[in-house]
Structures are given as structure tokens and as C-alpha cells.
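K.L.:
Protein sequence lines correspond, in order, to chains L and V.
First residue of the first sequence: 1, per our numbering; consecutive thereafter.
First residue of the second sequence: 1, per our numbering; consecutive thereafter.
Any given hint might turn out to be false.
Unchecked claim - Once the Cα atoms are required to be at most 30 angstroms apart in a straight line, the calculated BS3-like pairs of lysine-lysine come out as: (1) V/13 - L/76; (2) L/139 - L/325; (3) V/86 - L/76; (4) V/86 - L/139.
To be verified - Label-pair ranges, simulated between beta-carbon atoms: (5) V/36 - L/63: 46 to 52 angstroms; (6) V/72 - L/392: 20 to 26 angstroms; (7) V/205 - L/395: 41 to 47 angstroms; (8) V/289 - L/77: 39 to 45 angstroms; (9) V/334 - L/208: 39 to 45 angstroms; (10) L/313 - V/137: 54 to 60 angstroms; (11) L/124 - V/181: 45 to 51 angstroms.
What the hints assert, rightly or not - To be clear about the criterion: a stretch of chain L counts as covered by chain V if any three or more of its residues have a C-beta under 8 angstroms from a C-beta of chain V, and this derived list gives those stretches: (12) 105 to 114; (13) 158 to 169; (14) 194 to 208; (15) 230 to 242.
Calculated from the structure, these hints are not laboratory results.
Keep in mind the model is a prediction, meaning the values are calculated, not measured.
By construction, the Cβ of each residue, glycine as well, lies at the ideal position given by its N, Cα and C atoms.
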Amino acid sequence: MKKRLVWTLFSILLIGAFAASACGPSAPAATPTPESMTIALWHQEGEAENAAQYVQALADAYSAAHPNVMFEVTNKNTEVLREDFQTAALAGSAPDLLWTVNDHAGPFTAAELIQPVDDLFDLSQYVDSGLAAVVLDGKTWGVPISNGNHLMLYYNKSLVDTPPADTDAMIAMAPGLIDKGITPLVFNQTEPFWLVPWLGGFGGSVFAEDGVTPTLNTPAMVQTLQFLHDIKYIDKMVPAESDYDGADTLFKEGKAAMIINGDWTLGAYHDQMGEDLGIARIPMVSATGQWPAPYTAGKYFMIPSGTTGSKLDTVVDFINFATNKENQLGMVTKLARLPALKSALDDPLVSGDPLLANSADQMVVGVPQPTVLEMRCNWDSMKPEMQAVLADSEMPADAAARMQSSSENCMATLE
Amino acid sequence: MQQLFAQILPSLKEAGWTILFVVLAIIVIEVVAYVLLAKVLKSPHALPLMLLAPAAAGIVALIIYPLIWELNLSFTNMSLRHFGDKAEYTWVVCQGVDPSTIGNWITDCLIKNYADVFRLPVLKQVNFFPVFFRTALWTFANVSLHVTGGMALALLLNRPLRGRGIYRALLILPWAIPQIIAVLAWRGEFHYEYGYINILLTRFGLSAVEWKSSPVWNFVAMIITNVWLGIPFMMVVILGGLQSISQEFYEAAEMDGATPYQQFREITLPLIRPVLAPAIVLGTIWTFNNFNVPYFINQNELETSDILVTALFRAAFEYNRYGFSAAFAFVIFVVLLLYSVAFIRFTGGLEEIR
């Protein structure tokens, strides 16, 4: 009886195996040719700015010209992309190509998850400022796609005739707008990326000259936090609560007169507002006479360490295709971003566009975004304290002190 | 059509290979088990052991091995600077350090990560115990409201009521919605400008609430969401328990002149205890370990809203403290194990099952 049961079990399993193999991949017609490959591309572009669609369109265009190459394009939030890539790399299932921001180069190079690109591309064709943002230890860790990625002031011309030149002028125009039921200024109050320009305007920086020692507990940081607190609670310029999407929606709906946002959204705002859209520098800090200094970098292709052989050849070819002059100018047209290719940046399409010219004017006063791993500690330490000040639950001086201690604690854990 | 087929084919192939691999692995396991147990050892239990073998292999591969891997990880210094193969055991790292700088070899070298869980911030600023007590408060508040709300609704639905099936279906609805979808929908409702709750509050002349940036209100928002999600489970469990109680007890109690409260206390509560106690233990573990609600409702990443599991996630995947996080995870595991054993012993909740 037992023997029969054992053989019955074997028979069932064998039938299952045949069934599975019959519906599986063994049919000769379905066997891929040796050249066929699928490139897994992860990017962090948003759909609202039409940028995610642009990435997909580039992949589709390449596949159309190279039918043996398919793309699996995956869209992730910037931070999720970083976390997932690290986890996937540890598990041995990293994607073949990344399209991301420059500050990811810090953690990725520390963990040796990406490869240098110096020997793979003719980097002299890209603008120096774009390349400088991904150079670490003398090697270049990414191929620039766009140049900028900086914050600037967008304003609605139907609500604001002339953009404020300095913070005093900005605060002075607030009551008139508030009386009309318009929020004078919106920005993402949850991310310190929006704090950094003001810190520069008050003469501060997040690192000492060595580029790795945090300098967050400084008079400039206290003044910056106090300024952000005051425009919210004293001048009532900004809403009680606004994250990225909230601020973006208020501006797009014409309920906010001005927004501080990145160049990545220029195209979407122009499509939405047309001639009503104006761009200017973030107003000069009246107290210091200095321009706010947003971080500048761009978007980059980064190649994971595990991408080798024919896949690496295909990835290199795709990057050259995606950043050729024709596609760089296509990016200017579709996304209104400054290109990273020198020949495209010199094209009249870029130099003759007033919005892009204003964007470039803001970039002039920007500073390169640090790429070192220590910057993660600064971001993570500034975020909760900035939020606490903007929630009116912490004094600026206390917040600056806690930022510093938190960053130092974090840096100790990096080792 | 051809293009669609070309797009679907790779995923079908992938699934086919996976199924084939699993089936072949089972065949190999069965053949090895058969030869070993039936032919070599001539065991009388060959068949039941063969039937158990694939499941046991799955448990080893999916639970036992990862646990051992994580235990091993918890004794290493793995971080971004010591990633993957570059990670070293903390006591090995100590060998390269000046011995005079090591205060205690056990806590500074051997179990450094475990000691760090209690002596260093587990987040940016907050140490273990404040997060632990917040987690206890979060768990207590939620489970109390789940049981109270679930009990009230179950008692109502246990009565003869027109349209009882419809009410029951409606009340179970939150349970049927995927948790992550429900949480993201709730997060939208907590938006300051566009959220339904603030719109409602302002219509009634009240001030809008800063659900995402105020530490207190963000914690309240988390509890509101989790109570909405958790009541259906408790209601279904308690309703099942109530329906198993014979009406004869209540009839006898009524004849003896017992009040409804006395009936509830003396009949209902004792008789639903065998289903209620395990449900509370499960509810407590699920709430204690609930990741989706605290993580996604806390969109601004307020440290004041983090509970142990979200702190663990941030330590591992946002701050990349992998070795530390593995130790942190074992500490949380031990806390839950001790709680579950103590609760079950105290309530005697599983006595009936024995």
C-alpha cells in the first residue's frame, strides 16, 4: 500500500515536471537569439513633469533601432531608487543602468556599486560643471544628461508683475496678495534641499573647507531657520503645511503667486501656464546682500558594477544615443532642461530661449552639490530640525545644535 | 498582437523556468528522501517524512537560512563603507584597534551592535527606549480601540437585525482593501489643503489641523487610520465567538434575573475568551510590527512618529547601518516573544486549545 502511494507521488511529480517543461521555455521558436537582451533601467523622473515619459520614449526609440534590445524601465522615487538599488545590488539582482541624481554617487561609490565611466566615454564633449558634480577620488562616476537641477523662483505673471529682487521686497508684497486670497510663496517645507539656497544667502555652508566636516550649528544656519520661521509665522507668506506636491498644486492652480522649485519642472509649468510663467533668481537676502545659492548638479547615467560584457557595450551605446545632440535638443524642447552636451548647450534653441536664459542666470549663483557620502548625514540631520522649526515646535538655535550633533553621530556610524 | 505576445513572452518564460525549477527541486528532494529513508534506513515513517520534506526544505530556505544569515550579520560592521564582502565581525575589527581604547571587550567588540541598540540613537536623535515606549503606547491605544470597537459592533451584529448581512459586509470592507492602498488614501485625506478631514473641519468653522507636521496630530492620524483598518478583524473574530455561545445560557440567566451587564460579564466574556485572547495576542503583534501605517502616514519622517519597526527600516535602508539593524531586529523579536509568552500564560488564552 505504502509502495503504491510512493510511486503515485512520483508519477504526479513527473507529470507536473513534463507539464511545466511543456509550457515553459524549451520550445525552440521561443529561444532568444544570443544578441537579444533586456536592459533594466531604473530612473527617478516624475510623470507630472513628462520626464518619465521622456525616458520611456528614449528607450523605445533605441529599441526600435535595435530590435534585439528591450528595456525594462522602472520609475522610482529618488530616495527609493537609492535604497532599492543598494538592496538589489547586495542580493545580486541590480539593474543594468541608472538614471539618477549626482548625490547618489557618494553612497554608491562607497559601497563600490557603480563603475567609473572615464574609459567608456569621450567625456570632453560634456560641460565641465556637469562632470564636476560626479567626480570622486579623481574618477568620474556618471555621464551627465542635464545640467542644472537647481532651485529657482517661478512666478505667476498674472499675480505678480515684477519678481521681488530681495527678501524685503518679497515680504512687502505679501499683504496685498494675502488680501486677495493668494498664498504669496510656496515651497517644499519638508526637504532641506529647499533650505540650502537660503543658507548660502546668509553666508553659510553645510561643510567646512575640507568638504566632509559638518558645519550646521552656525550663526548662518540659525539665521536661515529664523528667516524661514518668520516668513511663515510672522509674515504669513507660506501655507501652514506644504510638501512638494502640495506646493506644486497650489502654484499650478493659481492659488500661489510664487514657488521655489527645480528646473526639472520648467517644462511642465510652461505647458500649464504659457506666457503667465516667469522665472527669476531666488530673491537676494536683504540682511546680507548675498544671493541664495541653490545646489547645482543635474541628472546622470550611472552604470552598476555588475553591468559587463555585451550588456555594458549596449548600455554605453544607449547612453551615447540618449545624450547625442539630437536627443539633448529634444530634451530641451520637451522638458526645458539645460543640456549637458556642449554642442547642444551652444545651440540657438537654448541660448535664444528667455526662460532657459533665466534658469541659467540662477545657476550662475548656485554651488555644486556635494557628492561625498557624508552629505547623506547632513541631509538626514537637517530634515527633522527644519521641519520642527517650520512646525513652530523648536527654536532655530536648538535646531541648529541638534542638526550638528545628529550629523556627527551619523558620521560616526558610517565607519 | 504580435508585439503584445513579444512583450508577454519573456515573463511567461520566466514563470515557466521558475515552475520547472521548483518541480525539479521537489523531485530531487523526494528521490533523495526515498533512497535514504526507504532503501537505506528502511524507516517505517518514510512516506510521511517524504510528504513533509518539500515543505521543510521551503521553511529552511525561506525562514531558517535568512534568520541564521541575519544573526551572522548582527555581529558584523556592515555599512556602505563595509558593504557585502568587505564587512567584518566586530571583534575582528577590534583586533586592529588600540586595546587601551576598548573599555569592555564584550560590549565594545563581541556584541557591539546589540550594545549600540541601547546606548546609541537608533534614529537620528532618538534612543531605543523612547521609541520602545512610543511603540507600546501605539500598540496599547490601537489594540484597546480595536477590541472596544470590534466588541461593540459584534454585539450589535449578533442581535436580530434587518439587513444584518449588508452591515456586516460594509463593516468588513476596510479589511478587504489592500492595506497599502487604504493607508495612502488616508494619507491623502490628511493633506492640509486638499484633505477631506481639514475641508470638513474648516466648513464647521474649526481650524485646519497640521496632520503631517505636528508630532501629536501625526501620531493621532496614524491611530485613526489603524483603528479604521483593524476593527473589522476584531469584529469578525468576536462575532464568531459570540455566535458559538448557546442561547440557553442567556435564557437561564434571564430566568435568574441577571441584568444585561451581568450576562455580558458572567457569560459572554468568559465564553469568548478562547477566541479573544489569541486575537488580542495576534492584534498586538501585528500592531507592534505594523509598518505600513506608521511609515506612510508619517510622510514627513517625523522621528516623533516612528515606532520600532519603522526605526529599524530607516536604520537599515535609509541610514545603511546593516549590522546594527540586524541586531536591532533581534532585539525587537525577543521583546515580542517575551510579550507573547507572558500574555498567553497570564490569560490562559490557549488552555482550551490544548
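K.L.:
Hint by hint, where does the structure go against what was stated? Just the numbers, ascending.
P.N.:
Hints 6, 7, 8, 13, 14 contradicted; others consistent.
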